[in-house]
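Keeping their order, the protein sequence lines are chains A and B.
Position 64 of the first sequence, counted from 1, bears residue number 64 in the numbering used here, the numbering being contiguous throughout.
Position 197 of the second sequence, counted from 1, bears residue number 197 in the numbering used here, the numbering being contiguous throughout.
These aren't lab readings, by the way, just hints derived from the structure by calculation.
Quick caveat: nothing in here was measured; it's all calculated off a predicted structure.
Be aware that a few hints might be false.
Derived, one-sided and incomplete: chain B residues facing chain A with beta-carbon distance under 10 Å [said to hold, decoys possible]:
| no. | residue |
| --- | --- |
| 1 | L48 |
| 2 | L50 |
| 3 | A71 |
| 4 | F81 |
| 5 | N102 |
| 6 | R104 |
| 7 | L107 |
| 8 | P108 |
| 9 | D161 |
We treat Cβ as the ideally placed atom computed from N, Cα and C, and that holds for glycine.
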Amino acid sequence: MTATGALAALGRAAIGALRAVGRVALFAGRVTARLWMPPFHGSEFARQIVAIGWLSLPVVALTALFTGGALALQIYAGGARFSAEAVVPSIVAIGMVRELGPVLGGLMVAARVASSIAAEIGTMKVTEQIDALVTLSADPLRYLALPRVLAATLTVPVLVAVGDAIGIMGGWIVGVERLGFDARGYLRVTTEFLEAGDVVSGLVKGAVFGFIVAVAGTYAGMRSGRGAQGVGQATKAAVVGASVMILAANYVLTEAFFSA
Amino acid sequence: MIALEGLCKSFGGAPVLRGVDLVAERGENLVVIGASGSGKSVLLKCILGLITPDAGMVRWKGAALGPDNRADFLARFGMLFQGAALFDSMPVWRNVAFRLLNARPALPVTEARARALDCLARVGLSERVADLYPAELSGGMQKRVGLARAIAAGPEVLFFDEPTTGLDPVMAGVIDRLIADIVRDLGVCAITITHDMASVRRIADRVALLHEGRIRWRGDVAALGSDPDPVLRQFVAGSPEGPIAPTG
């Protein structure tokens with residue numbers, strides 16, 4: 001392939017990616033606009049709060065627990081190189097609350113929820129259930145997408161907050177049991193070091209990541225192709241898309257919150 | 001009541017509908033027949049607004065059907081889908097009462113459930129079925145629940161998409177009898193698409209044959225067997241020899 005051909009291929013890929021981002025953004029706008037248009041399907045919203053929020057709690061909690069513990073070990077080992085082992089409680093706290101809690105929580109929810117939403121809505125499309133909604137005077141975006149997007153946007157920050165606490169607890173357990181920290185002293189340093197802005201930035205990230213997960217899942221589901229293969233591809237596209245968008249959004253939000 | 005005027009639709013440059021003109025009146029079941037891939041489903045989806053036609057229009061009660069009056073049309077509309085298309089996340093009675101529970105204003109739950117039970121009884125299903133989920137039902141029962149859902153809100157227009165596909169002959173006969181009774185009793189304007197000729201003879205008042213994107217033949221069901229049109233004769237006889245070429 002010539003240099004010109006390679007550049008053209010790169011350009012086509014970039015334009016394709018931008019088009020996809022534009023389509024998802026338009027879809028997200030159409031869903032969000034329905035927030036101000038009645039009717040609001042409250043029972044479907046309540047069902048999604050349970051499915052997205054409550055049922056994601058175990059996986060987010062376990063991820064946070066092990067991540068907090070591993071982080072304590074890593075910081076202790078790294079800090080020992082310049083006699084700074086005492087920073088473990090503060091770095092575990094700030095690392096969990098600002099970064100690892102929201103990002104890992106968001107990625108775990110992406111894996112669990114975006115895939116499930118895309119598969120459910122994709123199957124509904126393949127079996128004409130979405131057409132049936134239209135014939136029953138129900139707007140699929142309002143009935144299927146809005147409750148999921150709203151539920152994910154509201155519940156993922158709560159999951160992040162719970163994950164932050166459990167992650168810090170994981171660090172505390174390892175710090176006290178394995179690294180010889182004083183139990184009360186570890187917690188005192190953690191609470192003294194953390195600022196409200198650290199916690200708020202993590203929760204805002206959680207809300208944005210929840211929005212991304214649900215939008216990616218519903219968008220992929222509604223564009224699902226025919227048959228099992230189409231639903232499978234939609235599911236894969238939802239998880240990959242949500243994960244990449246979460247990591248990109250995390251960088252943008254981190255710049256916005258913490259750049260000097 | 002519903003009139004199609006010069007309806008055209010192509011996909012990727014391949015024409016599927018090439019100017020379809022058709023009228024369906026109140027109190028009759030117009031059955032559209034045609035080979036697989038002849039555009040029957042596209043025709044229904046164009047009427048519903050699920051697919052936008054490239055040219056032509058759909059009239060309902062004399063007015064062009066569009067964004068201004070489609071919600072009004074759909075509020076008076078019911079449809080039985082080929083695979084029933086029941087919502088598998090909710091029990092049978094909520095499927096049947098879906099429109100009533102989501103209308104503005106919505107019917108109270110107890111009233112909606114009572115109406116759903118009436119509709120289920122109308123299609124021969126007992127109260128025991130009401131609290132089951134669609135996955136727990138046989139194909140024939142799912143079709144009957146779909147029929148109950150279609151009539152729950154007292155429609156003026158009913159569409160039946162391949163109502164007997166996938167059913168055994170006895171259950172197909174049961175569904176056909178229910179369709180014929182419902183169309184007659186409710187006095188609705190019904191359009192059915194099918195290629196099941198036994199079903200056509202049981203439920204049709206008038207028949208239209210869709211071939212190569214146009215209405216090739218139309219007439220009363222009684223004339224189906226006697227018309228000399230070679231396409232119609234081949235289709236009715238189910239013969240592999242003739243002007244209808246298998247798709248693919």
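**Message:** Just to be careful: measuring from the Cβ of B/L50 to every Cβ in chain A, is the smallest value less than 10 Å?
**Reply:** Holds: closest Cβ of chain A sits about 6 Å from B/L50, inside 10 Å.
**Asked** Are B/P108 and chain A close enough, Cβ to Cβ, to be under 10 Å, as the hint says?
**Response** With Cβ-Cβ at 14 Å, over 10 Å, it is violated.
**Request:** Under 10 Å, Cβ to Cβ, is where B/F81 needs to be relative to chain A, so tell me if that hint holds or is violated.
**Result:** Holds: closest Cβ of chain A sits about 5 Å from B/F81, inside 10 Å.
**Prompt:** When the nearest CB of chain A is found for B/N102, is that gap smaller than 10 Å?
**Reply:** Interface hint status for B/N102: holds (6 Å vs cutoff 10 Å).
**Asked** Was the hint right that B/A71 lines chain A, CB cutoff 10 Å?
**Response** 7 Å, holds
**Request:** With chain A as the partner, please determine if B/D161 meets the hint condition of a C-beta pair closer than 10 Å.
**Result:** 8 Å, holds
**Item:** Hint check, B/L107 versus chain A [nearest Cβ-Cβ separation less than 10 Å]
**Value:** 13 Å, violated
**Item:** Closest C-beta approach of B/L48 to chain A relative to 10 Å, hint status
**Value:** 6 Å, holds
**Prompt:** Does the interface hint hold: is B/R104 within less than 10 Å of chain A, judged Cβ to Cβ?
**Reply:** Because about 6 Å separates B/R104 from the closest Cβ in chain A, which is inside the 10 Å limit, the hint holds.
In the structure shown, a violation is registered for the earlier hints numbered 7, 8, in ascending order.
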